[in-house]
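Peer 1: The chain contents come next:
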Amino acid sequence: MAKKFSVVGKPVIREDGIDKVTGKAKFADDYKFNGMLHAVMLRIPCAHAKINSIDFSEIQNDESVFSIITNKDIPGTKKVGVIKNDQPVFCNEKVVTPGDVLGMIVGQSEEKLRSLVNKIKVDYSTLPLLTDPQKSLEPDAILIHPETKSNLIIHHPLRKGNVEKGFTESDHILEQTYTTQLIEHAYIEPEAVSAIPLGAGGIKIIGSIQNPFTTRRIVAAVVNLPLDKVQIIQAHLGGSFGGKDDTMCILAARAAVAALKTDHPVKIRYTREESILESYKRHPYILNYKVGFAKTGKIKAMRIDILADGGAYCSMSPFVTWRSVVQATGPYEIKNVHTDVRAVYTNNPYTGAMRGFGSPQPIFANESLMDEIALRLGMTPDEVRKINGLKEGSITATGQRLKNHDVNLLNVLSTAMKNTDFKKKWINNKKKESQLGELDLSQPVLKDSQYMNPDQLIKKGIGLAISYRGCSLGAEGIDAAAAYLSIQNDGSAYLLSGLAENGQGLRTTFSIVAAEVLGISHEQIFYLETDTSRVPDSGPTVASRATLMGGGAVKNAAEIILDRLISLIRKEWKLKKKDEIEFKENKIFVNKNKISTFPDLCKLAANRGVNLATIGWYKSPTVDWNEHTGQGDAYFTYVYGCHVAEVQVNLGTGEVYLDRITAVHDPGTVINKLGAEGQVYGGVTQGAGYGIIEEVTTDRGVIREQNFDQYLILTSKDIGEIKPIFIQGKEIFGPWGAKSLGEPTLELTAAAISNAVCNAVGKRFFNLPLNLEEIVLGKKLRPEEIKRGSLQ
Amino acid sequence: MKVNFTLNGKKVQAETAQSIRLLDLLRDEFNLTGTKEGCGIGECGACTVLLNGYAVNSCLVLAAQIDGSEILTIEGVAGEKELHPLQKNFLKFGAVQCGFCTPGMILSAYSLLGQKQDPTEEEIKDAIAGNLCRCTGYKQIIEAVKETAKEMHAGSYTSVNDKR
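So the protein sequences, as listed, match chains L and B.
Taking our numbering, the leading residue of the first sequence gets 5, the next gets one more, and so forth.
Taking our numbering, the leading residue of the second sequence gets 3, the next gets one more, and so forth.
I should point out that these hints are in silico values taken from the structure, not numbers from a laboratory.
Mixed in with the good hints there might be a few duds.
Said to hold, decoys possible - Below, computed lysine-lysine pairings styled on DSS-like, alpha-carbon distance capped at 27 Å: (1) L:LYS139 to L:LYS783; (2) B:LYS127 to L:LYS463; (3) B:LYS90 to L:LYS30; (4) L:LYS677 to B:LYS118; (5) L:LYS123 to L:LYS339; (6) L:LYS30 to L:LYS54; (7) L:LYS98 to L:LYS54; (8) B:LYS127 to L:LYS727; (9) L:LYS727 to B:LYS152.
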């Protein structure tokens, strides 16, 4: 029988909500300090150049300039990175991408500094550009970082079975190329950070920081201080989605260098243009898939070759592409798999972590491919997926047997189908499908036969996509998290975990977990400000790991306290072993009779000298990985999802209208219903934007869309109904089996929309986003050097 | 130059200059940091305030233009003891995640409800179409505004300015 929860699974109002609806919540730029200075960045409008000299003479005596900071002022490490130290804090030899910063000027008036920065004369020589990732591994390619001897950032191979044998056993072979685009996180709060010098040579940083412990490590290295002298405090974070990691580490380090040099608090805050220019993005992928399958629909072999544009710096590319290599086949059991995923350097904006993290790209490819297989065999999309889909005991592409949890893939699929009447709609739309007319761009005047009857202009389509996703970091690294819980003698409590609140509602989720264990109200728990000096390093708040790992740590902390209180009760009330103690509704029951209240018990504990403060810990089970064969137990558990998109396509303009998206997910146990639904609504909307409109384009490496007038994200008018459905599967890890949800909600949407568009218009599209250019024109209005993928 | 205006119900005076935007005046002179800057070009709506009852992007209004006007910011929305119904429903429906767009969202909705007692879903979407949100997908925001309108319509609140 399922455990009956008192708070878990109910809709709970977020802990930081009142401050956020009244304007009291302080975000990074809302902090001011006595004697505070601002710092403004120096850049050149060029993607690849050798810096010959920088002449500050025109501004250095200006009274608005308090200090000039360059590479020379860095006391410690001059190049940093979350994985590889290849990104200069300040460039002194060359720039490799237009976001690069050469130095900064510091003073009281940000406005004056911004006008002065243009008077600094930088003498530079432009270098040849590498913007096409497909050329980056050619023998004569220019090297972005010559010391690395190659533009290859990482290569992840995966070899399972014998693909050639699998292809010969197949009745059909299908080979396709897909491309996905560069996109921006578009958190509404631009980056901001302040560094405040502390006594004894320490430094305090307050900023819009996603991963305070990563930031601490990098700041400490740059200013050459031990970790304990660097205190990182996370301000309320105005959205991140993976985006406020590397960029914020570097910004915090720059602010720290300036603060220590000037002995003043120094703030850096970015305009939207600077934010888009300098921050990393989602990797564009070029994906080649070759699949062999039998008449029955059974897939025999899959060969996958993926190229990811890592841009100018390594950032998270090795881990992003590692998730891709694990999940590239999609959630299917395939005997023979041969996958290569490579990430390469170019002069393009650098790419790193973004919600989804290497999964939305292969899902777009493999789920398009599954629909193509279905169409070739005259099947419906669900049939081919049911034949190949992962089940309990299935072996994944990495050779991992799925066990110890409900493998709910086919369950989420059938639930989604039932809720949308999928099959009937899919078959009906397909009957009505009309092939899009081929547009001859050399003949701009249409012939009579090309005019469309207005009734036929709008076509309806329905499409689905399914996925499995490894939870938490997997074989990326050590995976553990901590939580600090301290119960006060009136029954109220302080709670803090080493993971960060990025807006997703982690404070509330963790408060619910602690409250559930102790039988108290989550409102009795005060969640402390995230601060690296008060709680152990818990790794980064990424990979949809917070509820699973941090929640596990909170539950552990609460259980430690609970055990101590139970021992106290047994002793004080002289209970026997068989007496049952229950903590419920802020009261204590023995054999269903109330003996005390939680506050009274805490007072008693204080009087008896019982320690009611503790650090909880949760460490993931071990995973293993062979980097030469791509085989191993990549993640300790998985989640499953299915999205069904119902769209209308305007054949004249290529617009895709999103009527309804049904999102079925298995996140294990839902802790906060309100928060979980919010994750689905938000993730689906971001995923839909990725599918139909979002794209960062570059011109000689320089981003064209530097603000929200050019870079479009979905508004309230652009998204139709979203229907979240949760299937709660059994799981042995995490708090009561709660696992990941944040990223699964985003990764499927674009693929489902693409399949729906194909269902509507009878034509397959191979490149995201599905906009006018892709659907109607078949070419980019603003040409890029990179050739778009195509049906081969 | 000096400007005199009403800020969250109180008459105030401030010294300003030509280059100062209403957004800067609110954040820097009055320390009302609930009004946020997200883009600086009137696209994201994070800096939305009410100017004589209408939602405006305060990054596009010069401080000098507001002489004699009434300005309402997020800090002036709640009553002395209790939250405004819009704020309550934003919390109840989960319309807040990171919270950066929330002040602007609430003020756009406030302006709508000041003009229309019983807006349709389309009208709600129109009213907040100038406020970008990257976290919520807008669904719970729309629900919260709808519910507030319904409560007001049912007479639980006589007007949007009734801060019970």
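Peer 1: All hints are to be evaluated individually against the structure, with a verdict given for each.
Peer 2: Going through the hints against the structure:
| no. | hint | in the structure |
| --- | --- | --- |
| 1 | L:LYS139 to L:LYS783 | holds, 21 Å |
| 2 | B:LYS127 to L:LYS463 | holds, 24 Å |
| 3 | B:LYS90 to L:LYS30 | holds, 20 Å |
| 4 | L:LYS677 to B:LYS118 | violated, 32 Å |
| 5 | L:LYS123 to L:LYS339 | violated, 63 Å |
| 6 | L:LYS30 to L:LYS54 | violated, 41 Å |
| 7 | L:LYS98 to L:LYS54 | holds, 4 Å |
| 8 | B:LYS127 to L:LYS727 | holds, 18 Å |
| 9 | L:LYS727 to B:LYS152 | holds, 22 Å |
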